[in-house]
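Protein chains: 2
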Amino acid sequence: MKRPVGTPLRDDFQLVREAVPDAPDGGMVVRNRFISLDPAQRGWMDDAPSYMPPIALGDPVRATTVGVVESSRNPDFRPGDWVLGLNAIEDFSVVLPGGFTSRINVGIVDRPSRYLSAVGAVGLTAYFGLLDAGQPQPGETLLVTGAAGAVGSMVGQIGKIMGMRVIGIAGGAEKCRRLVQDYGFDAAIDYKGKSQDDIAAEIAAAAPQGIDILFENVGGAVMDAAMLNLALHARVVLCGLISEYNSAQKVGMRNLWQVIVKQATIKGFLIAAYVPRFAEGGARIAQWIAEGKLRVDEDVQHGLDNAYDAFMRLFSGENTGKLVLEVD
Amino acid sequence: MKRPVGTPLRDDFQLVREAVPDAPDGGMVVRNRFISLDPAQRGWMDDAPSYMPPIALGDPVRATTVGVVESSRNPDFRPGDWVLGLNAIEDFSVVLPGGFTSRINVGIVDRPSRYLSAVGAVGLTAYFGLLDAGQPQPGETLLVTGAAGAVGSMVGQIGKIMGMRVIGIAGGAEKCRRLVQDYGFDAAIDYKGKSQDDIAAEIAAAAPQGIDILFENVGGAVMDAAMLNLALHARVVLCGLISEYNSAQKVGMRNLWQVIVKQATIKGFLIAAYVPRFAEGGARIAQWIAEGKLRVDEDVQHGLDNAYDAFMRLFSGENTGKLVLEVD
Chain P
19 MKRPVGTPLR DDFQLVREAV PDAPDGGMVV RNRFISLDPA QRGWMDDAPS
69 YMPPIALGDP VRATTVGVVE SSRNPDFRPG DWVLGLNAIE DFSVVLPGGF
119 TSRINVGIVD RPSRYLSAVG AVGLTAYFGL LDAGQPQPGE TLLVTGAAGA
169 VGSMVGQIGK IMGMRVIGIA GGAEKCRRLV QDYGFDAAID YKGKSQDDIA
219 AEIAAAAPQG IDILFENVGG AVMDAAMLNL ALHARVVLCG LISEYNSAQK
269 VGMRNLWQVI VKQATIKGFL IAAYVPRFAE GGARIAQWIA EGKLRVDEDV
319 QHGLDNAYDA FMRLFSGENT GKLVLEVD
Chain R
19 MKRPVGTPLR DDFQLVREAV PDAPDGGMVV RNRFISLDPA QRGWMDDAPS
69 YMPPIALGDP VRATTVGVVE SSRNPDFRPG DWVLGLNAIE DFSVVLPGGF
119 TSRINVGIVD RPSRYLSAVG AVGLTAYFGL LDAGQPQPGE TLLVTGAAGA
169 VGSMVGQIGK IMGMRVIGIA GGAEKCRRLV QDYGFDAAID YKGKSQDDIA
219 AEIAAAAPQG IDILFENVGG AVMDAAMLNL ALHARVVLCG LISEYNSAQK
269 VGMRNLWQVI VKQATIKGFL IAAYVPRFAE GGARIAQWIA EGKLRVDEDV
319 QHGLDNAYDA FMRLFSGENT GKLVLEVD
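The listed protein sequences derive, respectively, from chains P and R. Residues 19 to 346 in this note's numbering are what the first sequence lists, from first letter to last. Residues 19 to 346 in this note's numbering are what the second sequence lists, from first letter to last.
Read the hints as simulated data drawn from the structure, not as lab findings. Where hints are given, some of them may not hold.
Unchecked claim - Quick list of in silico lysine to aspartate or glutamate cross-link-like pairs, EDC-like style, CA-CA up to 20 Å:
1) R:Lys268 x P:Asp216
2) P:Lys210 x P:Glu220
3) R:Lys268 x P:Asp215
4) P:Lys268 x R:Asp216
5) P:Lys268 x R:Asp30
6) R:Lys268 x P:Glu262
What the hints assert, rightly or not - Interface residues of chain R toward chain P, partial, derived using beta-carbon atoms under 7 Å:
7) Arg96
8) Met271
9) Trp275
10) Val279
11) Gln281
12) Ala282
13) Thr283
Stated by the list, open to error - What follows is a list of derived Cβ distance ranges for each label pair:
14) P:Pro115 x R:Glu192: 57 to 65 Å
15) P:Leu33 x R:Ala66: 53 to 61 Å
16) R:Ile126 x P:Asp215: 49 to 57 Å
17) R:Lys212 x P:Arg35: 45 to 53 Å
18) P:Pro226 x R:Ile126: 44 to 52 Å
19) P:Asp216 x R:Ala66: 15 to 23 Å
Even glycine gets a Cβ: it sits at the ideal position worked out from N, Cα and C.
One chain only, chain P, in its complex shape (with noise of 0.2 Å):
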């Protein structure tokens, strides 16, 4: 058993077969139904410091999943329940005392798997990434990383709510088509087999008055494209990487020095610090999204055989809005 290197191969994982255990003394069993794929995942295989342990080596993939209770020993849930908690790529999880496990209202969305993208972990980190750690202001201009992403299209959608001229980089021409038709956004700029001095040439004719706030999910030669095009004060917040989980190699980020000229701050953002504010937050995309102001897609993969193909679409572009893979 090894630890997959770069890009993760068919044969860094197994599908293993056991037999569906017992609920443990204060805990349950929870049938999972829909499993969050997300690039995060990628960087807990690694054996590396970061906000999580790494997943042990033979242990299932750990992901968030939205499932039924099968058994129970733990007073507060009952067989039945639906419940959002941090799982494994699997379809029965033992939940410990302790686990982070919440019962969840699956009567106010369309679909339980909302849980996992809207008003879920990819929604509220749209939500509060931008309106806390970016602090918009109307008229200012954005810029998304990843924009035809799950969180980069909300985050887009968000912008134009708050009053927002929104540009956002994305890789192909339908992504950008979407993201303009589909989402809302003011410009879409298709950053494949473009070099960074055409990508930052194409961001400064979008945004001739500089970036107010770049919201990054992506990293590389894009992030240094929109470095160069920053705004007096502008406002980054770091939310994700992803052109360098799949590196040995950290990219990390050489237009630096715009940080100062610009007197920019960078933010590094983690949802896992907004708990105490997922209500509130939830409720507010929830409202948007019935007022048909907000749109949230989802790309729906099946069969838990399934999980490595459907897990590398987000390292391929494939994934057209938050990837789930649904358990049949």
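Chain R: place on chain P using the hints.
Relative to the frame of chain P, chain R by itself:
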């Protein structure tokens, strides 16, 4: 005529002799006595977007100077007034109406060059950079890179005044000795001849709880090593990147991902933003000096014809304290 590429060469500069000009209408002529030599000047020599326009080809090298008004057609200044202003490396400067020049009270300092160090931009950079951008708390740990430099040695001492644990990184055993013995740092780390991993390990040993404030003057491998040792919610005050000012290729930072993991903030700092608060900062610094709490060294070099060699001391690391060129 051409701009320097990489490390400035002696031939990139010329010593030119001209008649002393007359004071222009509404302006004055200042006889410079002390000229500030700063890393930022190297940046101004590039034809690159920055917070100030590049020095025009053939113009004297822009510099902050302390001097005496020689002749004046500005009713606010009289011959004999001591002034601080943005002029150039030259013995006489023409100050146009509206140029940045202020009268200074040399009576409160032991020598006029203090307005280029402790109570000038250097001292104010340390003061506002640490206190305002860094927001230090007693008991927190401060790491200063370029710690033996003019700004760095003041930052560390102000950190001690604020009740912090202070660690400095500098190049060479003698500089490290000065950090601890002359400036009262708790620990000093010599980066010379060490790998990034070695430096990171020494920081970890000196700051087992992590770095709460990184005051960054250097960039490159030293910064990357420091970034691996941030505490949760660390603040990085990005004041300078002297390691790359002579590089055509910007180096930047590779361990940007740590900003996310540690929910850290990087703030780009320019002292120009604090002009309205200079008097407040200068008074507090002067008080600390008078109380013997703050030691500020100057490295005074002599003679305009020595300007190139003096300037290069910034990049060789030879200077001990704020580098000043005295016009004899």
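Cross-check of the supplied hints:
1. Under the criterion of a C-alpha separation no larger than 20 Å, the hint pairing Lys268 (chain R) with Asp216 (chain P) is consistent with the structure, at around 18 Å.
2. For the suggested pair Lys210 (chain P) and Glu220 (chain P), the alpha carbons sit about 13 Å apart, so the restraint of at most 20 Å is met.
3. Using a Cα cut-off of 20 Å, the hinted pair Lys268 (chain R) and Asp215 (chain P) holds, with the two alpha carbons roughly 14 Å apart.
4. Pair hint Lys268 (chain P) plus Asp216 (chain R) holds up; C-alpha atoms about 18 Å apart against a cutoff of 20 Å.
5. Distance restraint check for Lys268 (chain P) and Asp30 (chain R): the Cα-Cα separation of roughly 37 Å exceeds the 20 Å cut-off, and the hinted pair is therefore not satisfied.
6. For the suggested pair Lys268 (chain R) and Glu262 (chain P), the alpha carbons sit about 19 Å apart, so the restraint of at most 20 Å is met.
7. Of the supplied interface hints, the one on Arg96 (chain R) is violated, with its beta-carbon coming no nearer than about 36 Å to a beta-carbon of chain P, more than 7 Å.
8. Given the 7 Å rule on beta carbons, the hint for Met271 (chain R) holds: about 5 Å separates it from the nearest Cβ of chain P.
9. Because the smallest distance between the Cβ of Trp275 (chain R) and any Cβ of chain P comes to about 5 Å, under 7 Å, the interface hint for this residue holds.
10. Contact between Val279 (chain R) and chain P, as hinted, is supported at the beta carbon level, the nearest pair being about 5 Å apart and thus within 7 Å.
11. The beta carbon of Gln281 (chain R) is positioned within 7 Å of a beta carbon in chain P (closest approach about 5 Å), and the interface hint is therefore held.
12. For Ala282 (chain R), the interface hint holds, since its Cβ comes within 7 Å of a Cβ in chain P; the closest pair sits about 5 Å apart.
13. Hint status for Thr283 (chain R): holds, given a least beta-carbon distance of 5 Å to chain P, under 7 Å.
14. Between Pro115 (chain P) and Glu192 (chain R) the CB atoms are about 58 Å apart, so this pair conforms to the stated range of 57 to 65 Å.
15. Distance hint for Leu33 (chain P) and Ala66 (chain R): a CB-CB separation of about 54 Å, consistent with the stated range 53 to 61 Å.
16. Evaluation of the 49 to 57 Å hint for Ile126 (chain R) and Asp215 (chain P) yields a pass: the beta carbon distance comes to about 51 Å.
17. As the Cβ distance of Lys212 (chain R) to Arg35 (chain P) is approximately 51 Å, the hint placing it in 45 to 53 Å holds.
18. For the hinted restraint 44 to 52 Å between Pro226 (chain P) and Ile126 (chain R), the CB-CB distance of approximately 47 Å keeps it satisfied.
19. Under the hint 15 to 23 Å, the C-beta atoms of Asp216 (chain P) and Ala66 (chain R), about 18 Å apart, fit the expected range.
Violated hints, listed in ascending order, are 5 and 7; each of the other numbered hints is respected by the structure.
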